[in-house]
Amino acid sequence: MRLALLVAVLPLLQVTMADRLPWGGPDLMVLAVVGVALARGPLWGAAYGFAGGLAVDLAPPADHTIGLSALAFCLTGFVCGLRDLIPAASDRPSAPRILAMAATGTYLALILQTAGRMLLDHAPWDPVSMFQAMAWTVAGGSLVLTGLLVLGDRRTRSRRVEPRRIAALSRSVRV
Amino acid sequence: MNRRRFVRVPLALLVAAGALVAVDRYVTPLTPLRAAASIAYGTAENAIGSLTRRWGDSGRVQTLEQENARLRADLLTAQTQRDVSGRQSALSASSATWLAGRRSVSAHVVAIGRDQRVTIDAGTRDGLTPDLTVFDASGLVGRVTWAGPVTSTVALATDAASSVGVRMAGSDEVGLVTGIPGQGLLKLSLLRPDAPLKPGDQVVTMGSQNLRPYVPGVPVGTVVSVENTPGTATRTAVVRPYARLSALNLVAVVVVGT
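As given, the protein sequences belong to chains A and B, one line each in that order.
Per numbering that gives the first Met the number 0, residue 0 is the first one in the first sequence, and the count goes up by one each step.
Per numbering that gives the first Met the number 0, residue 0 is the first one in the second sequence, and the count goes up by one each step.
Isolated chain B (complex conformation):
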């Protein structure tokens, strides 16, 4: 056996892998490659997903679920509309115009990744783009980070790299929630250090500029424990998300017209 081949071929492969990393990270993102994989693997994932759903529940449950999600999206839209008309100051004036062109797309979670990412079976064909809000029947799920032709990738709210602007349901105190790595919980920090805060308080999204990535008024979770450390600049607490992010099935994406 030629021993030199044992070194030369693996070395070439290592260099090739390193080159891929360098190009994707520092030169130009390899979007065509990702889109191709989304078509190939995404179609297969969608097929497996719809097969297991058909197997697991009858078509009737599915249609009811879809109807439920649509109604919930409508309710949310109505709530936000009321919110906006109630306090214009909360949102910029330009935000009022998007409400007309807004709709929701329902999708199923078909694949789960390790790093707080899931795949949903809707993509650019359904009008999805990056930075859209994803929620389910219980509350906020996360945001779309990448939209492929037939599937999209969603970063969960519990991702440590994500941060969501929120306000408290009762007191309207403004803050930020970020994911706590590996625990499925969120860390809330309120901007005012002496803000009233107790376990059981509800957290809803504040809404981002131009509604990307988060629309206002989506329930996020409840406060489970408050950290009392005097002298800190912010008030912190642990929040349990309403949505069961480890067992997601049907979700809705709010499509915001650009």
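Here chain A stands alone, though its shape is the one from the complex:
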């Protein structure tokens, strides 16, 4: 429920606040999609990426092809969530490992989105704003995201979990 609310509100925050900052801002939706994928697996990651990307495609002043970000973020969410399916990665991931995955995931999402815009909408290659988005999202955002994920991980571990949530937890936290 909270995640659904987030998917609706984030595009709004992005265009009214984050992109108004003088030096650009992080791509909030990319961070949310990668975060959800890392915490909950490929199914959630792909679904959240699709919904979030669609919201980003639709919220004005978006002026590009509808479905472009949905495609890019859906793929990213799926790939990021795959950490649970890879046997070697199924042990509890350490903080540096989560950081590496978050950085790779956000980078992938931004690259896919930009490539799509250039291919489909003939958007010009804009290295300055690309670098700004990269710096904010990949360098800054994935650090914050890792912090949140590690903290959340600890909290869920220390808390008594209700049976309903064990299935979900067993995917993200292999005990």
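Just so you know, these hints were derived from the structure itself, not from any lab.
Where is the CB? At the ideal position from N, CA and C, for every residue including glycine.
Pair by pair, the computed Cβ-Cβ distance ranges are:
{"id": "1", "chain 1": "B", "residue 1": "Ala11", "chain 2": "A", "residue 2": "Ala114", "range": "21 to 31 Å"}
{"id": "2", "chain 1": "A", "residue 1": "Trp22", "chain 2": "B", "residue 2": "Asn227", "range": "32 to 42 Å"}
{"id": "3", "chain 1": "A", "residue 1": "Leu118", "chain 2": "B", "residue 2": "Pro31", "range": "23 to 33 Å"}
{"id": "4", "chain 1": "A", "residue 1": "Ala134", "chain 2": "B", "residue 2": "Arg102", "range": "35 to 45 Å"}
{"id": "5", "chain 1": "A", "residue 1": "Arg96", "chain 2": "B", "residue 2": "Gln201", "range": "55 to 65 Å"}
{"id": "6", "chain 1": "A", "residue 1": "Trp22", "chain 2": "B", "residue 2": "Arg239", "range": "14 to 24 Å"}
Quick list of in silico lysine to any residue cross-link-like pairs, SDA-like style, CA-CA up to 20 Å:
{"id": "7", "chain 1": "B", "residue 1": "Lys186", "chain 2": "A", "residue 2": "Val127"}
{"id": "8", "chain 1": "B", "residue 1": "Lys197", "chain 2": "B", "residue 2": "Val223"}
{"id": "9", "chain 1": "B", "residue 1": "Lys186", "chain 2": "A", "residue 2": "Ser128"}
{"id": "10", "chain 1": "B", "residue 1": "Lys186", "chain 2": "A", "residue 2": "Pro126"}
{"id": "11", "chain 1": "B", "residue 1": "Lys186", "chain 2": "A", "residue 2": "Trp124"}
{"id": "12", "chain 1": "B", "residue 1": "Lys186", "chain 2": "A", "residue 2": "Pro123"}
Go by the hints and put chain B onto chain A.
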């Protein structure tokens, strides 16, 4: 856990997203979807915009700003009218008739996008249509690319895909300005390679056919540096726009009767 579901559902979603792209790009633009989003997100953006404005400045400043924008639009109209009566040749004869039905709508920039697009809080309800000139108190901002029910999308003049027909304020030399990606500056190319050009020269819009997307006489910016490359077919220079396109607030849209 059923592992097959891990592949099947994401795959279906990917195909769905691909289908959306294909339909919107190659079959038919998904205008109803965009209009719905303009109502839902646009209303929220407008509300946030008016809240932050109320918070930031008192109502008095707002009314003064609106009055200022209206007066400026009137001044521009008067100037163009004088221009047109002065040199009929500059504009086609049919253009003279639109002047009567022309008015300006003032709007606020409520959202900023990454790709040189901003949202303003006026839409088809206020008479806006695509391809209308947008300017603010300092100069040209851009043109309306899409008009939804309550919001419209404006492509800034610094968008690399936009090109504006211009003339030099003093010499009346004709040229074109396009956006330089990521720098907030414009590139001017004058059609005559030996045209006189120096830093500080002023650039104004030339005006498009039927005034869409650009009306004549809107100040665009000043020349900051001239490129001297002999043997080229055009004269090029870098122009800094008058309008602070990264910190826009109140803008005016010139509504041209169809």
